[in-house]
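S.K.: Here are the chains, one letter per residue:
2 protein chains.
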Amino acid sequence: MSEADREDGTGRDDGAGRDDGTGREDLGAMFARVTRRLVDAEAPLLAENGLTMWEYVVLSRLALGAAPNQLTLAREIRHDKTRLIKLLDDLQRRGLVVRRPGAADRRSYTVSLTDAGRALHARVRAAIRAMEDGFLAGLDPAERRSLLALLPRLAPRETPEIAED
Amino acid sequence: MSEADREDGTGRDDGAGRDDGTGREDLGAMFARVTRRLVDAEAPLLAENGLTMWEYVVLSRLALGAAPNQLTLAREIRHDKTRLIKLLDDLQRRGLVVRRPGAADRRSYTVSLTDAGRALHARVRAAIRAMEDGFLAGLDPAERRSLLALLPRLAPRETPEIAED
DNA sequence: TATTGTTATACTCTATAACTATA
DNA sequence: TATAGTTATAGAGTATAACAATA
Numbered sequence: 000m001s002e003a004d005r006e007d008g009t010g011r012d013d014g015a016g017r018d019d020g021t022g023r024e025d026l027g028a029m030f031a032r033v034t035r036r037l038v039d040a041e042a043p044l045l046a047e048n049g050l051t052m053w054e055y056v057v058l059s060r061l062a063l064g065a066a067p068n069q070l071t072l073a074r075e076i077r078h079d080k081t082r083l084i085k086l087l088d089d090l091q092r093r094g095l096v097v098r099r100p101g102a103a104d105r106r107s108y109t110v111s112l113t114d115a116g117r118a119l120h121a122r123v124r125a126a127i128r129a130m131e132d133g134f135l136a137g138l139d140p141a142e143r144r145s146l147l148a149l150l151p152r153l154a155p156r157e158t159p160e161i162a163e164d
Numbered sequence: 000m001s002e003a004d005r006e007d008g009t010g011r012d013d014g015a016g017r018d019d020g021t022g023r024e025d026l027g028a029m030f031a032r033v034t035r036r037l038v039d040a041e042a043p044l045l046a047e048n049g050l051t052m053w054e055y056v057v058l059s060r061l062a063l064g065a066a067p068n069q070l071t072l073a074r075e076i077r078h079d080k081t082r083l084i085k086l087l088d089d090l091q092r093r094g095l096v097v098r099r100p101g102a103a104d105r106r107s108y109t110v111s112l113t114d115a116g117r118a119l120h121a122r123v124r125a126a127i128r129a130m131e132d133g134f135l136a137g138l139d140p141a142e143r144r145s146l147l148a149l150l151p152r153l154a155p156r157e158t159p160e161i162a163e164d
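Chains X and P, in that order, are what the protein sequence lines are. For the first sequence, position 87 (counting from the first letter as 1) is numbered 86 according to numbering that gives the first Met the number 0, and the numbering increases by one without interruption. For the second sequence, position 78 (counting from the first letter as 1) is numbered 77 according to numbering that gives the first Met the number 0, and the numbering increases by one without interruption.
Simulated from the structure, these hints should not be mistaken for laboratory data. It cannot be assumed that every hint is accurate.
[To be verified] Computed cross-link-like contacts, DMTMM-like style, restricted to lysine to aspartate or glutamate with a CA-CA straight-line distance of at most 25 angstroms:
#1 P:85 with P:75
#2 P:85 with P:160
#3 X:80 with X:104
#4 X:85 with X:160
#5 P:85 with P:114
#6 X:80 with P:25
#7 X:80 with X:157
#8 P:80 with X:24
#9 P:85 with P:163
#10 X:85 with X:139
#11 X:80 with X:163
#12 X:80 with P:39
#13 P:80 with X:164
#14 P:80 with P:104
#15 X:80 with P:24
#16 P:85 with P:104
#17 X:80 with X:164
#18 P:80 with X:25
Sequences and hints are given; from them, build the entire structure.
M.R.: Here it is as structure tokens:
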């Protein structure tokens, strides 16, 4: 593929400095920059509620339903199973999640949210959602709809394995 | 435990797991997932060419024009000035970049690409661009145009300060 | 023999402080 | 006094190996 592809992209100069002749910035660089801005904007909201990013990721996953065991939970959120241990210890000590002996396999523990955990997640998520609305404020409704429809197709989420609570 | 257990909630199953009632996934989570997929896809392309991600970031910035000094270079790519040292040492040892005494300020060094550095960057960038084309293959032309127009607006790049070569 | 939860260890990445030479 | 480049050190984050209990 050559420079002629600029026809279905953006061939214009967006004022981001001297053009190096390649037409547009790397997709990875652009996505990374947006991601970093969102992470930076989420950081204070999480800190206010005493959560780290990984803890929030765990709560978000568990909000979909109980995880059958810690290993699948770790795989689904792409976190090391070894680091998940202390993280769950902390969340459980704070009464946000519970580990229960697995029904079939005595080695494993199902992990699920407590009422307090579900409430905290809902509160933080609402704050994050409000921040995101501001983040997307510059887009008109059609653009916003297009973006929200596109993103899941570019990186589909793995179907979580849900256990009985 | 049958898969049909997931149907008991909303009845909707779009492949993204049980709905937790909040409508859509966090924007940050979606962007982070896309970014990770792109980074993972770039990794082998960079490794084949003996570059780390940060080294490629430096080359990409310098492809826009020489940096007036290392400090502004570090700030523009959001990298620690202390870690930039060894990184530039390496790139210079390999003949990809050159540090030249600053014209006005004798403390500073301009940083610019050598011909070899420019060639390597162009080669790697072409490989990455080809990968990106595959990555966006699932989108129709209108969606692709919309996405590429949106991204720079969601996280504008800082205008780089360009020095004379 | 393989897997789940766990601990311990080693390694990488990142952040901070401090030094030098110039300004 | 402040800044550009550099070095050294401490800390956080991450990966790997190994172990006990169970399958």
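S.K.: Check whether the Cα positions of residue 80 (chain P) and residue 25 (chain X) lie no farther apart than 25 angstroms.
M.R.: Measuring from Cα to Cα gives roughly 23 angstroms; hence the hint holds.
S.K.: Holds or violated: are the alpha carbons of residue 80 (chain X) and residue 25 (chain P) at most 25 angstroms from each other?
M.R.: 23 angstroms, holds
S.K.: Given the hint that residue 85 (chain X) pairs with residue 139 (chain X), test it: the Cα-Cα distance must not exceed 25 angstroms.
M.R.: 43 angstroms, violated
S.K.: Between residue 80 (chain X) and residue 39 (chain P), does the CA-CA distance stay at or below 25 angstroms?
M.R.: Holds - the C-alpha atoms of residue 39 (chain P) and residue 80 (chain X) are around 20 angstroms apart, at most 25 angstroms.
S.K.: What's the verdict on residue 85 (chain P) and residue 160 (chain P), does the C-alpha distance respect the 25 angstroms limit or exceed it?
M.R.: 22 angstroms, holds
S.K.: Take the C-alpha atoms of residue 80 (chain P) and residue 164 (chain X), compute the straight-line distance between them, and say whether it is at most 25 angstroms.
M.R.: The given pair, whose Cα atoms are some 50 angstroms apart, is violated under the 25 angstroms limit.
S.K.: Do the alpha carbons of residue 85 (chain P) and residue 114 (chain P) lie within 25 angstroms of each other, as the hint requires?
M.R.: 21 angstroms, holds
S.K.: Checking one constraint from the list: CA of residue 80 (chain P) to CA of residue 24 (chain X), max 25 angstroms. Satisfied?
M.R.: 23 angstroms, holds
S.K.: For the pair supplied as a hint, residue 85 (chain P) and residue 104 (chain P), is the alpha-carbon distance within the 25 angstroms limit?
M.R.: With Cα atoms ~22 angstroms apart, residue 85 (chain P) and residue 104 (chain P) stay inside 25 angstroms; holds.
S.K.: Would you mind confirming whether the straight-line C-alpha gap from residue 80 (chain X) to residue 164 (chain X) stays at or under 25 angstroms?
M.R.: 21 angstroms, holds
S.K.: Against the 25 angstroms threshold, does the CA-CA distance of residue 80 (chain X) and residue 163 (chain X) hold or violate the hint?
M.R.: Roughly 21 angstroms separates the two Cα atoms, so the pair holds.
S.K.: Regarding the pair residue 80 (chain X) and residue 24 (chain P), is the alpha-carbon distance no greater than 25 angstroms?
M.R.: 23 angstroms, holds
Against the hints set out earlier in the document, violations occur for numbers 10 and 13.
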